[in-house]
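Engineer: Here is how the chains run, residue by residue.
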Amino acid sequence: MNQTASPSLFQFALYMADNCLVLGHRLGEWCGHGPVLEQDIAMTNISLDLIGQARLYYQYAAELEGKGRTEDDLAYLRSEREYTNALLVELPNGDFAHTIARQFLFDAWHLPFLKTMLSSPDAGLADIAGKAVKEVTYHLKWSREWVLRLGDGTDESHQRMQTALDEAWMYRLELLMPAPFEQRLIDAGVIAGPDEIRNDWEQTIADTLREATLTTPDDPAVQTGGKTGIHTEHLGHMLADLQYMQRAYPGLEW
Amino acid sequence: MNQQDLESRFQDKIDREVKIEAKDWMPDAYRKTLIRQISQHAHSEVVGMLPEGNWITRAPSLRRKAALLAKVQDEGGHGLYLYAAAETMGVSRDQLLDELHTGKAKYSSIFNYPALSWADMGAIGWLVDGAAIMNQVMLQRTSYGPYSRAMIRICKEESFHQRQGYEILLTLVRGSAEQKAMAQDSLNRWWWPSLMMFGPSDAESTHSAQSMAWKIKRKSNDVLRQAFVDATVPQAQYLGLTIPDPDLKWNEETGHWEFGPIDWDEFWNVVKGNGICNRQRLRDRVNAHEEGAWVRDAALAYAEKKQARKAVVTP
Numbered sequence: 001m002n003q004t005a006s007p008s009l010f011q012f013a014l015y016m017a018d019n020c021l022v023l024g025h026r027l028g029e030w031c032g033h034g035p036v037l038e039q040d041i042a043m044t045n046i047s048l049d050l051i052g053q054a055r056l057y058y059q060y061a062a063e064l065e066g067k068g069r070t071e072d073d074l075a076y077l078r079s080e081r082e083y084t085n086a087l088l089v090e091l092p093n094g095d096f097a098h099t100i101a102r103q104f105l106f107d108a109w110h111l112p113f114l115k116t117m118l119s120s121p122d123a124g125l126a127d128i129a130g131k132a133v134k135e136v137t138y139h140l141k142w143s144r145e146w147v148l149r150l151g152d153g154t155d156e157s158h159q160r161m162q163t164a165l166d167e168a169w170m171y172r173l174e175l176l177m178p179a180p181f182e183q184r185l186i187d188a189g190v191i192a193g194p195d196e197i198r199n200d201w202e203q204t205i206a207d208t209l210r211e212a213t214l215t216t217p218d219d220p221a222v223q224t225g226g227k228t229g230i231h232t233e234h235l236g237h238m239l240a241d242l243q244y245m246q247r248a249y250p251g252l253e254w
Numbered sequence: 255m256n257q258q259d260l261e262s263r264f265q266d267k268i269d270r271e272v273k274i275e276a277k278d279w280m281p282d283a284y285r286k287t288l289i290r291q292i293s294q295h296a297h298s299e300v301v302g303m304l305p306e307g308n309w310i311t312r313a314p315s316l317r318r319k320a321a322l323l324a325k326v327q328d329e330g331g332h333g334l335y336l337y338a339a340a341e342t343m344g345v346s347r348d349q350l351l352d353e354l355h356t357g358k359a360k361y362s363s364i365f366n367y368p369a370l371s372w373a374d375m376g377a378i379g380w381l382v383d384g385a386a387i388m389n390q391v392m393l394q395r396t397s398y399g400p401y402s403r404a405m406i407r408i409c410k411e412e413s414f415h416q417r418q419g420y421e422i423l424l425t426l427v428r429g430s431a432e433q434k435a436m437a438q439d440s441l442n443r444w445w446w447p448s449l450m451m452f453g454p455s456d457a458e459s460t461h462s463a464q465s466m467a468w469k470i471k472r473k474s475n476d477v478l479r480q481a482f483v484d485a486t487v488p489q490a491q492y493l494g495l496t497i498p499d500p501d502l503k504w505n506e507e508t509g510h511w512e513f514g515p516i517d518w519d520e521f522w523n524v525v526k527g528n529g530i531c532n533r534q535r536l537r538d539r540v541n542a543h544e545e546g547a548w549v550r551d552a553a554l555a556y557a558e559k560k561q562a563r564k565a566v567v568t569p
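Residue numbers (the numbering used here), protein chains in the order written: chain D, 1 to 254; chain E, 255 to 569.
Read the hints as simulated data drawn from the structure, not as lab findings. Incorrect hints may appear among the rest.
[As the list claims (entries may be wrong)] Each computed DSSO-like pair below joins lysine-lysine, with the alpha-carbon atoms no more than 30 Å apart:
{"id": "1", "chain 1": "D", "residue 1": "Lys131", "chain 2": "E", "residue 2": "Lys410"}
{"id": "2", "chain 1": "D", "residue 1": "Lys141", "chain 2": "E", "residue 2": "Lys273"}
{"id": "3", "chain 1": "E", "residue 1": "Lys273", "chain 2": "E", "residue 2": "Lys410"}
{"id": "4", "chain 1": "D", "residue 1": "Lys141", "chain 2": "E", "residue 2": "Lys564"}
[As the list claims (entries may be wrong)] Here's a subset of chain D near chain E, in silico, CB distances under 8 Å, partners left out:
{"id": "5", "residue": "Ala54"}
{"id": "6", "residue": "Leu150"}
{"id": "7", "residue": "His234"}
Keep in mind that this is a model prediction, so the values were computed, not measured. The beta carbon of each residue, even a glycine, is placed where N, CA and C say it ideally should be.
When you get a sec, could you build the whole thing from the sequences and use the hints?
Structural biologist: So, in structure tokens, the structure goes:
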């Protein structure tokens, strides 16, 4: 570990990287199969943004660690138990409504969180936030608009959007529940705590669901575990795909 | 003006290199030929997203993953430009998609070959995009304005894709023995299908002569194919890969590379729908379209509701 960097900062950079890569990978699975060409392209755009952000975080994590690992080592050679993304982002694409529910709940957290990160005393994080915030502003605009279209579109789309929302709902709170590495950074004033995000996040969700004529789920269940490496069954399959080449042909340049 | 005058005025414009625009008079056969060709081209871009899409989730590094995603996305964008160009001739995208999904419209047969290894991402960029560029560079000067302008935009991106594909292979041949073997295997599988991309020999080509007269096409299939071979052989040599053609040899007199006979039976077999991926590619497109129907319906219904509400607020 780099002399001055804390292990928590390294873990946090990995956590953000994993969130972005896993969600970006999921969106990439749509490429060529979207419901209409324009939205195929839009999802690829968001996927590209997130993979770009993941690279910034992995590069930063590698630098903080100072052991000579690269962005690709961190993405391709860590096991499922070492991935610390929130469970929400690894959920399968499902139908388009499931993809939108997952994206919207994530974006509604991601944007206000990045805005707080802009003023982090850690220059590395503030710098990444500066690059990502514009992109994520667009992501939230896109996913919010689709929640509205599907929720307030046809009977079928309303039903599908409601189902997708109900199913994703129990995964949303993990984003606001600090893992020990986050808590240490919150205590040190490096990142914002959940209370600084919560109002904005709840407001965005409540306003959007109301306008979309959707019902706020009253499911009290909360699923967590991603941040400590206990994932859903889905992540292992994704990593089997994502890491296939690096695992099958170790140590080569591509 | 009678039909004959209209036609001679039209041909005169073509001969003087004046672009034909959407609102200009044009012979029905010209319109039909262009709708067929542009839509075929648009479908090829969209179906062409599938073989490379097969490797997005398995790209071997983050940089490669992002580059491949961006490339496949570009193809979707090209599909959009081309559908828009076809729409200027009075057909709708829905009609054209319907023809693709029912098997009436064709797309480039090359996409019915499977993408089996990471090296194929290199070979597709280098050979398939390389062959497409030969055609597309010519089409920048095609007689129909909207098509020509779409092609000018597309060519800029395609040459980037080709370099990217070549660079993937360059990395492989400088790597381990198994990486080099992967590159050679990929060239072995993609070489002949790439030569077939230019279509039948001039003598066999049904649409060519008229298309040349109308300057929709400006070079024949065989001329373009030869130009591709001449450009590509030295690139293969630089990679240290062997082109799978025992008859390939340099002709000092003509200044061209001579190549062996193309297996046209294979070509026609794949065109007729019997390639290994024809059914799979079409099924993937049909599924995406059918499974997306409720999404498109929702977007339309929402837009209509929004419009209606606006009308109530501001009478």
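Engineer: None of the hints should be skipped; say for each whether it holds.
Structural biologist: Results for each hint:
Between the alpha carbons of Lys131 of chain D and Lys410 of chain E the distance comes to roughly 27 Å, so the proposed pair stays at or under 30 Å and holds. With a C-alpha separation of about 41 Å, the suggested pairing of Lys141 of chain D with Lys273 of chain E is violated against the 30 Å cut-off. At most 30 Å may separate the alpha-carbon atoms for a hinted pair to count; Lys273 of chain E and Lys410 of chain E meet this at roughly 21 Å. Taking the CA atoms of Lys141 of chain D and Lys564 of chain E, the gap is near 21 Å; set against the 30 Å cutoff, the hint holds.
Because the beta carbon of Ala54 of chain D sits about 7 Å from the nearest beta carbon in chain E, less than 8 Å, this interface hint is met. For Leu150 of chain D, the interface hint holds, the least distance from its beta-carbon to any beta-carbon of chain E being 5 Å, beneath 8 Å. For His234 of chain D, the shortest C-beta to C-beta distance to chain E is roughly 13 Å, which exceeds 8 Å, and the interface hint is violated.
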